[in-house]
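**Student:** Kindly generate the complete structure, drawing on both the sequences and the hints.
The primary structure of each chain is shown beneath.
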Amino acid sequence: MEYLVLIATDPSVWEEATPEERQAFHEAHHAFDRAVLARGRKISGAALAGADTATSLRATNGEWAVTDGPFVELTEQIGGFYLVDLPDLDTAIEVAKQLPTSYAVEIRPTIEIEGYEPISSTS
Amino acid sequence: MTDAATDAVTDAVTDAVARADAVLARTMREEWGRVVALLLAQFRRLDLVEDAAAEAFVAAAEHWRRDGVPDNPAAWLLTAARRRILDRLRAEAMAARRVPLLLTESERREELQSVRADPGDLVHDDLLRLVLLCAHPALAPEAASALSLRFVLGVTTADIARLFLVSEPTMAARITRAKKKIVAAGIPYAVPDASALPSRLEVLAQTAYLAFTAGYAPGSGPDLLRADLAGEAIRLVRVARPLHPSAALDQLLALMLLNHSRRDARRGDDGRLVLLPDQDRTRWHRDEIAEAVDILSGTTDPAGRDLPTGLALVYHLQALIAAEHALAPTAADTRWDRIAATYAVLEDLNPSPSVRLARAVAVAEVDGPLAGLALLRDVTVDGHRLPAVRAELLWRAGDRDGARAAYETAVAACGNEVERAHLLSRLADLAESEPAGG
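Those protein sequences? They're chains V and C, same order as listed. End of the first sequence = 123 in the numbering used here, gap-free, step of one. End of the second sequence = 561 in the numbering used here, gap-free, step of one.
Treat the hints with caution; some may be incorrect.
[What the hints assert, rightly or not] Sample of chain V residues at the chain C side, in silico, Cβ under 8 Å:
{"id": "1", "residue": "Leu48"}
{"id": "2", "residue": "Asp88"}
{"id": "3", "residue": "Asp90"}
{"id": "4", "residue": "Pro109"}
Keep in mind the hints are simulated off the structure, nothing from the lab. Ideal Cβ positions, reconstructed from N, Cα and C, are used throughout, including at glycine.
**Tutor:** Set out below in structure tokens:
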């Protein structure tokens, strides 16, 4: 199954981290990568720039309104994501537990919309 | 035919029906979970097995009465349920419908082959897979609890709804949502490896305990005790315990047995709530108390085993307190000193306002009402329990005005008819009694 692993975190934790603490974060992400590779496949993943760089679009009466900021303003922000292919939720939970414990992590299965064919650049 | 002959035939028919019903009831109690587990392993269709199993049991009631009980009742039920699922699958194939399947261990094992040097640490048991699937931590606790009662034990949705004080459609929707999440999120029908198993069994213990406490939670109506349904939580733990050793399940069983042993004495003949000190102790279930004490004494055996830790320790301490009550010959003989000391350990381990409240009651019995009230000074708990305890202690301490005000607060906060009646009668007693010191 394909899962999106969403990472929510208080950005100040990273900003205020010492070099040693940052090294521990790197190691946790490496442990996550290794755990994923041992059990399945990493499709993609990235850290995100802060929520203060976010731009939201929401349409009212069919008119897009572009506003500054994320969907929801919280202390915790979406700080990054991984898209992984793993056998099941228990495996996804197991690998997600490798991530730094200051994170909150949300695991969501991806789905295919019946009758919809995405256009990929290679086709 | 003579009357006597007719009677004999009628008796024989009645006997056959009674025998069929008895075997079916026993098979339902003992085999429902295994039938469901085997159907899930074969068809991986969470949405079909429950109905198919239920329909097979209904069909059995009819066939067994008429044709006699089959040699292997469980196998008969499994075959009947399989036939129903195959009918449904054929109908779906004709409609060219594609339905997502439950993920099973086989897929995982294929992927894991490269990782695990020793696949022998996987426990293989259909029933354990089913029990762990229903009590998965990714499900909402109440949904997991309902799903466990339905799938592992075959408790009807109507009874589960009554247990959790919601309407039957609400409960049916909750169970359906949980089934959908299992399939959509990819919760596997699998036993986790040995390192993850203890914590999963702890979740199972919490799932069972939630059902148990729901059975004793005061409702908003006159249905004060749903103790018969709370007993299903005990059955769930009894099903799970032989599957894999778990200190949490052992201690929880002791705790639930001790509390459940008092069920018949909690309600008087007039339907009113009878509190522990006033209960007729001859109506307590001594066999259940003995079983619980056996578990507890096995735990603290100085010759061998260590004290439980974590959740098991919390249940253990609560069970020790319940055992003090269960073993006291009379209310006056209760060892409140030991109970107060155990509550202090429990509060240290797991601080919460409700533990503090219970500890204050025990301390008041040992050191007097003022000591109890002192422990409640900064405590806030929703509901009527806190003001009711305050009222009792204030009354004992001679503060009649304070007691009256606290009782009135408790009555206003109480949503249960039987408990409110109890509080009002205490209020009336207070008004009638002589003021302390005349």
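**Student:** For every hint, state whether the structure bears it out.
**Tutor:** Outcome of the hint check:
Taking 8 Å as the C-beta cut-off, the interface hint given for Leu48/V is violated, the closest approach to chain C being about 24 Å. For Asp88/V, the suggested interface contact is upheld, since its CB lies about 4 Å from the closest CB of chain C, less than 8 Å. Interface restraint check for Asp90/V: the shortest CB-CB distance to chain C comes to about 5 Å, inside 8 Å, so the restraint holds. Checking Pro109/V against chain C: minimum C-beta separation of about 6 Å stays under 8 Å; hint holds.
Consistency note: the structure conflicts with earlier hint 1 alone.
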